[in-house]
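From first to last, the protein sequence lines stand for chains W and R. Position one of the first sequence corresponds to residue 1 (the working numbering), numbered consecutively onward. Position one of the second sequence corresponds to residue 1 (the working numbering), numbered consecutively onward.
Mixed in with the good hints there might be a few duds.
[What the hints assert, rightly or not] Heads up, simulated DSS-like pairs for lysine-lysine below, C-alpha to C-alpha not over 30 Å straight-line:
id: 1; chain 1: W; residue 1: 236; chain 2: W; residue 2: 3
id: 2; chain 1: W; residue 1: 31; chain 2: W; residue 2: 236
id: 3; chain 1: W; residue 1: 3; chain 2: R; residue 2: 4
id: 4; chain 1: W; residue 1: 31; chain 2: R; residue 2: 4
Treat the hints as calculated values from the structure; they're not laboratory data. As the structure is a computational prediction, the values presented were derived from the model and not from experiment.
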Amino acid sequence: MNKRRLTQWVTAILSNSYLPGWLRGTIYQGKYKAICVPFLNCYSCPGALGACPVGAFQSLAAGFSRTISLYLTGLLLAVGALGGRFVCGWLCPFGFVQELLHRRDGSRRQLPRALEQVKFVVLGLTIVLPFVWRDLTGLAEPYFCKYVCPAGTLGGGIPLILTNSGLARLVGWLFSWKLFLLLVVLIAAYFYWRPFCRVLCPLGAFYGLLNHLSVWQLHLNRSRCIGCGSCARQCKAALEPQLHPNTSACLRCLECVKACPTQALSFTAKGQPSRPIAHTRDL
Amino acid sequence: MPKKTGALLFVVGVGLMLCGLYRQEAVLVLEKAITICLQCIGIG
Chain W
1 MNKRRLTQWV TAILSNSYLP GWLRGTIYQG KYKAICVPFL NCYSCPGALG
51 ACPVGAFQSL AAGFSRTISL YLTGLLLAVG ALGGRFVCGW LCPFGFVQEL
101 LHRRDGSRRQ LPRALEQVKF VVLGLTIVLP FVWRDLTGLA EPYFCKYVCP
151 AGTLGGGIPL ILTNSGLARL VGWLFSWKLF LLLVVLIAAY FYWRPFCRVL
201 CPLGAFYGLL NHLSVWQLHL NRSRCIGCGS CARQCKAALE PQLHPNTSAC
251 LRCLECVKAC PTQALSFTAK GQPSRPIAHT RDL
Chain R
1 MPKKTGALLF VVGVGLMLCG LYRQEAVLVL EKAITICLQC IGIG
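Same shape as in the complex, but just chain R (with noise of 0.2 Å):
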């Protein structure tokens, strides 16, 4: 039961991610993490 359950949220999160990835979401993670994240390393 619980492999079933992992494999069907397996395929749930890759639909997911292949949606996100047709929404351009790459693209805005792109845009975030070439700047220097002030607030992450402690500045700001």
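So that you can see chain W by itself, here it is in the shape it has in the complex (with noise of 0.2 Å):
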């Protein structure tokens, strides 16, 4: 198992070791909920440890004082000015289940680039309605969670309606609705790499407008780089890492960085790597 795998593994499992809950079908209510973690993992998995923040964020702007959390987005400011999308490639669970339905074949298949547009606009819905789109009574609605979110429907929807069939007698036509879209993102995950992540992920598409400015890059040595093009045919997001190393699609899982015979391309915080190249004798 690559590092990778396994950081992904432990993080899904640390972030939804609360035992009791999946047992119960409660979620769990201790003081380490109020720690936010920096990926999508909803507060309402019977599993999870911390806070979604995204939920977190929409249910706070959706009260009658309509607080902009500083704490969450400080939060997020700092996690993505360090590393951009490295929380979506290495460690969001969710990520991880469409990873582990993604084919194995090797083909590539590439997302109209205009559907990965969709993904900031989502992000500005998921920031701004809460605050403007209020009912009579003057209060909001965590609108991504409660209508788009497949993270929240698989990791809390799905377990406490099998666990705790007080909820599950409330079941209605919204639920047929996120199970219908958890579905369609989980077949789509068969044949894409990472759909969700790559359309409609409002924390990807935070963390993809800081790709460029964070401290940790990919960054491109053009003198070692000899347009192999291996990193291009590796990358599941199908992207072109030799010409546009830090776009805000890339969700630096750096399987380019791995596939590049020379050593060109690295993700560093130092600018180009000053390693002598390898693996030249296999060219």
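Given two chains presented individually in distinct reference frames, assemble the corresponding complex, making use of the accompanying hints.
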């Protein structure tokens, strides 16, 4: 098992390791829930030990006080400023689930680039709607979580409904809609690499905006690049790291860095790598 | 240049986070996160 896969397993298990919740159909209510994880992980998942930043941000914004959470904004900004979408590529449990479902025949299906811009619209709506779209009582709702988030359906909705008969009796059209959306995402994940992350995830969109600015970046040493295209062939998001190493569409899985035979690509905070070229005999 | 901007954004992010913690926002997050969000799971 490679390092990235191991990290994804460990993150997914640790962030959802509240066993009594899984067994009883309840959620963890201890003090660690005040800590937000930097990835999409529904806090209504029975095993979740931390809070989801998107859910928490929207819930705070949706209240009477319309709180713009500095804690959450600062957390996401700090994490994104360090590594951009590195969180997506290495930590996010829902991204991991999609990867596990993806077929391993080596083919790369490219999503229409326009579709990959949708996540920025979703990000805008996720931030703005809870502040402006209010009902007669003056309250809003966490609209992204309620109508879109398939991670919440998979991690929270389905396990709770299966283990909590009281909740199961409340299921209606909304759950059917979210279940449908989840199925669409999971089926798409078989054909396309991480479709939700690339098309709909507001957190991915936010981190993606920081890909160009983050401290750790993909660097291409042009004097070492031999133009073999190994990095592009390895990229499951069908990007071209040798041309645009820090595009917002890059999930920073860093498979391109591993694939480069001359170590022309590196993920570093120091600029150009200074390591000697290896494997040149194999070219 | 991007590295410096990134470092600056990181400092700003940590600063905002500390301001938020000072404003007791962690308590607000806790209050929200310890209740099952029916909307999040597709009920309600």
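Between residue 31(W) and residue 4(R), is the straight-line Cα distance small enough, at 30 Å or below? Cα-Cα ~35 Å, so violated.
Between residue 236(W) and residue 3(W), does the CA-CA distance stay at or below 30 Å? Within the cut-off at roughly 17 Å; holds.
30 Å Cα cutoff - pair residue 3(W), residue 4(R): holds, 29 Å
Proposed proximity, residue 236(W) with residue 31(W) (alpha carbon, max 30 Å): Judged against 30 Å, a Cα distance of about 39 Å means the pair is violated.
Hint check: violations occur at hints 2 and 4; the rest are consistent with the structure.
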